[in-house]
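Going line by line, the protein sequences match chains A and B. The first sequence begins at -15 in my numbering and counts up by one. The second sequence begins at -15 in my numbering and counts up by one.
Be aware that a few hints might be false.
Unchecked claim - With a straight-line Cα cutoff of 25 angstroms, these simulated SDA-like cross-link-like pairs (lysine to any residue) come out: (1) B:388 <-> A:393; (2) A:400 <-> B:64; (3) B:315 <-> A:55; (4) A:390 <-> B:315.
As the list claims (entries may be wrong) - Calculated from the model, a selection of chain A residues having no Cβ within reach of chain B, i.e. all distances over 10 angstroms: (5) 20; (6) 145; (7) 169; (8) 204; (9) 205; (10) 303.
No lab work stands behind these hints, which were simulated from the structure alone. All C-beta atoms, glycine included, are put in the ideal place defined by N, C-alpha and C.
Protein chains: 2
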Amino acid sequence: MSLFIKDALLDGKTTSILIEQDTIVGIGNDLPMPIDVNVIDASHFAVLPTFANMHTHAAMTLFRGYGDDHPLQEWLNEWIWPAERNLDDEIVYWGTRLACLEMIKSGTTLFNDMYFFPDAAARAVVDSGIRAMIGFTGFDFGDKEGAEKLKKDITEWFDNSKFKVQNSKLLTPVVAPHAPYTVSDSTLKWLSNFAAERDLLYHIHMSETQKEVEDSLLSHGTRPYRHLADLGILEQCGERFIGAHSLHLDNEEINLLGQHHVTVVHNPNSNLKLGSGYRFMYNELRDAGVNVTLGTDGCSSSNNLDMLEATKTMALLQKGWRGDPTAMPAKEALQVASRNGFKATGINAGKIEVGAKADLLLVDLDNIGFIPNNDTLSNYIYAAHSDAINTVICNGQPVMQNRKVKDEATIKEEAKRVVKKLIKK
Amino acid sequence: MSLFIKDALLDGKTTSILIEQDTIVGIGNDLPMPIDVNVIDASHFAVLPTFANMHTHAAMTLFRGYGDDHPLQEWLNEWIWPAERNLDDEIVYWGTRLACLEMIKSGTTLFNDMYFFPDAAARAVVDSGIRAMIGFTGFDFGDKEGAEKLKKDITEWFDNSKFKVQNSKLLTPVVAPHAPYTVSDSTLKWLSNFAAERDLLYHIHMSETQKEVEDSLLSHGTRPYRHLADLGILEQCGERFIGAHSLHLDNEEINLLGQHHVTVVHNPNSNLKLGSGYRFMYNELRDAGVNVTLGTDGCSSSNNLDMLEATKTMALLQKGWRGDPTAMPAKEALQVASRNGFKATGINAGKIEVGAKADLLLVDLDNIGFIPNNDTLSNYIYAAHSDAINTVICNGQPVMQNRKVKDEATIKEEAKRVVKKLIKK
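With the rest of the complex left out, here is chain A (with noise of 0.2 angstroms):
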């Protein structure tokens, strides 16, 4: 069946938008209409492109607020490392389940993964009808036998995975090694031209903290994107590549990065919270032409999923320690948080275009955030929250509709069930 968006405000102008299939093939004001047709009155609603989520860790909801406000290794090795022991399936599940609940409730149709049990968050994104990058991540601490195992599994999953992610339109697998600190460096490399046979996306932590950094120049001699680039995985990844975080950069890493073209992620609200820094090199970095994109991180350390919030953040950050209220418009913030993300994992969406996927979203402009309704695009970056959000479609298919997403009640107790298996206090 067509979906025929009847009136929604599209830039400042009243449009209607047609979608067969999984692609918006018509906007404007006199669209032949289908027989066959699925109308929504989006006369009280703007249309805008979806979010893409490009760094989490999905099924860390369930670790949301638990262990708050400690130093980080404390945070780590009293509470998140032993209750991760308890994970199985059933709990990566229905945290995954938890996540994209969230996620659509907030607007993304699209993020990226890196977690344990990948099948089970894959099926997990499948049942939610939203898009991921689901990443198959792992560390070897330089442990040859760590190190062989992970290459065994990797090909095994890839190969043979139960619930072949490869074959849904939805999913991408991703290679996600964990970061340089955890993973050897030639593991890493194997991990690259693993990548690079198969034609994979290649996630990692990167420069996250700055000892991070001052480590790296310890054991190595140079800083972490510099050794990257030694180890001939920067060039040999290119834009399949995508660095999380990415925050400590001197000039030399950010002109290397430009040259091969990769993906950075910024995640503001993490970095905010585990006080890793603030001074994310935007400007710097898009005019060294990286594709900057965003992220939440996963729930442990931002605690929500929430990428309309972590747009404000990232551009109120912006503007906050250049200490320039023309650092990042509303428009910049957006493109960086919704179209850089789908141009990075080769999704024409992100934008509100004939022949772009039909991933896009209406806001309730009766929400008070758009009241007065001086500016469509500052109020939704600036003064609303994701409530606002009444619609969200994904590559052609209604996924949340009058806020009221498919589950919810279920996702909800069953998330409460399995964190008491996760969590034991």
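For this one, chain A is given, so just place chain B on it according to the hints.
Relative to the frame of chain A, chain B by itself:
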């Protein structure tokens, strides 16, 4: 009629709360039930104190999103000031009603207002059922005639205000000179004497930008707070002094502020968005004995009046710029955003205790920000948004239940109507 809040979650335990008139008179599980009582089933809710928004320009809600992302002087000269010439009583009334509606929906029951047409603002607050400090503001820019007019106007207002704000139990009239760089020293001092004679609060913009500090050093040879101390204003006002922003301070100023036990108001979203700065000296001010409170500023600089969002920004920003995840834990952030504000105003609220004023709110634990509920306070401050707030009670009276606020549709329509008189595009 009494109000009985049944089975709410309070500090991790289920309990009930009895309110008589404007006061919390009982907390426990075996409270005597009065005969004439309104019972609220709070079995899915947690109870928390309401917010005190300690610095705003309420009617500027009408400027939401107007002229965003422009340099400061261009924004003032070409956007805000020309439009402000159109202000009248009716515009300020509906702008303030809209502000009150937004604040109620995000859990605020007290705000400290500094804007024009204070009688209209006062009337809007009374009609909304929440508390406000209504500031009589003004500037003389060193002009003698202007100074005389300001003194005459303020005396007349305090003596004869049409709406007799002095007599409302929910309103506190305040002396609110704009700033040391817009009001002459002699007028600042005259207003300080005026406030002392009548035991009034003294609310003023202080050290919001680095430029102000530099200008003060040039014209007075001292920094702004030192200058106010030299005029005898800090000593004379003491606890009645409320310094908005107070962002650019040196150690001597911090000690001065502590010595006089003044109140300062942090406005993190506004400071970031306008590029004013981000290193708010919370720990230093607290340790010096200053009463630190929180505000949103007006919607023309921070775009919404959501104190829950401001609380999160404040807490994250302290952790971020200090590089310390233990800086400003959730509990302390809420105290700044609530109890400290009420304290500055002399209202016994911002806490859920027998004998305190009944200003409290109920959050819906079925909201996704509270799932799972490993830590209610962490979830409230770091994960949830204000749409989780179901019920708001001010001075013993419900002003929102099930997210419904009196006159909401009318207020929105009237705001949309009067904004056309204000902003003539």
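Now for the hints, and whether the structure bears them out:
1. This hinted pair checks out: residue 388 of chain B and residue 393 of chain A have alpha carbons roughly 23 angstroms apart, not beyond 25 angstroms.
2. Taking the CA atoms of residue 400 of chain A and residue 64 of chain B, the gap is near 49 angstroms; set against the 25 angstroms cutoff, the hint is violated.
3. At most 25 angstroms may separate the alpha-carbon atoms for a hinted pair to count; residue 315 of chain B and residue 55 of chain A meet this at roughly 16 angstroms.
4. Distance hint between residue 390 of chain A and residue 315 of chain B is unfulfilled; the C-alpha atoms sit about 35 angstroms from each other, more than 25 angstroms.
5. For residue 20 of chain A, the non-interface assignment is confirmed: its Cβ lies about 34 angstroms from the closest Cβ of chain B, beyond the 10 angstroms cut-off.
6. Residue-level check passed: residue 145 of chain A sits 28 angstroms from the nearest beta carbon of chain B, beyond 10 angstroms.
7. The Cβ of residue 169 of chain A sits about 29 angstroms from the closest Cβ of chain B, beyond the 10 angstroms cut-off, so the non-interface label holds.
8. Residue 204 of chain A, annotated as away from the interface, keeps every beta carbon of chain B farther than 10 angstroms; the closest lies near 24 angstroms.
9. Residue 205 of chain A, annotated as away from the interface, keeps every beta carbon of chain B farther than 10 angstroms; the closest lies near 25 angstroms.
10. For residue 303 of chain A, the condition that its CB be more than 10 angstroms from all CB atoms of chain B is violated, with the nearest at approximately 5 angstroms.
Going down the numbered hints, you'll see the structure goes against 2, 4 and 10, while the others check out.
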